[in-house]
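Residue numbers for the sequence shown follow full-length UniProt numbering, so the first one is 1 and each next one is one higher.
Everything labelled a hint here was simulated from the structure, so no lab data went into it.
Among the clues, some could well be false.
[As the list claims (entries may be wrong)] With a straight-line cut-off of 27 Å between C-alpha atoms, the simulated BS3-like cross-links for lysine-lysine are:
id, residue 1, residue 2
1, K93, K211
2, K199, K147
3, K51, K93
4, K199, K145
5, K145, K51
Everything numeric in this text was worked out from a predicted model, so none of it was measured.
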Amino acid sequence: MRESIKIHARVRKKNNIVQRDYAPQPSNSSSNQLFSTATFPSSTYTFRMLKVLQRKLVVVGDGACGKTSLLLFFNNRQFHTAHIPTVFENTVKDFEVDGQHVELALYDTAGQEDYDRLRPLAYPDTHVVLICFSVDIPDSLDNVKEKWVPEILEHCPNVPYLLVACKKDARDDPDVVSRLASMSETPITYEQGEEMCRKISATGYVECSAKTGENVDDVFTEAVRATAENDSKKKKEKCLVM
């Protein structure tokens with residue numbers, strides 16, 4: 001008769017990392033920290049799950065620049081043609097970046113001035129910020145430097161931020177081009193976005209379209225990578241101080 005053992009799993013959390021450790025226990029043992037069990041033939045088994053990286057991401061930018069559409073497409077692959085006021089419910093998206101399991105908490109914000117006093121409530125414990133503008137709204141790019149970067153530096157010091165161009169598809173839309181031309185304006189170019197990225201010292205610059213899905217996942221992948229680089233930088237600074 002072969003003896004059976006049970007695999008007990010405990011969940012530990014440290015520095016925003018959730019780690020599940022699995023270790024064999026005798027079949028007749030008891031534990032107050034039991035998470036789950038599985039029975040195996042007698043032997044020695046040790047399982048260690050991949051660490052789960054937990055990160056909080058906040059999206060800011062002018063009203064109607066495409067923030068909510070970006071989040072909706074990333075979260076459930078939905079796109080709405082009509083303008084959607086900020087109705088995205090804060091949620092957690094599970095996905096993988098460079099082989100790392102990530103639980104990304106997504107926080108939408110309203111860009112209108114009426115919400116200037118409420119918006120800072122979303123900033124505590126943020127790991128990365130997306131500063132968005134719309135390719136078909138020239139003023140939204142100007143406000144990146146004039147409004148959004150100062151606000152982020154005030155409420156989220158030492159937090160990395162990416163510059164994100166939304167509605168990339170609008171650049172080639174004849175109706176958009178015609179509308180802007182009637183106001184002596186043109187869609188924002190890639191070069192203008194890159195230049196702004198350098199001016200504000202953003203971690204990176206990504207252009208995307210929630211309408212076509214182009215580069216949407218890349219936006220959040222780069223955001224998570226930015227948090228990893230920031231963590232590494234903090235560790236190096238800590239070592240230098242010590």
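Going through the numbered hints above, which ones does this structure break? Give me the numbers in ascending order. When the structure is compared with the hints, only number 5 turns out to be violated.
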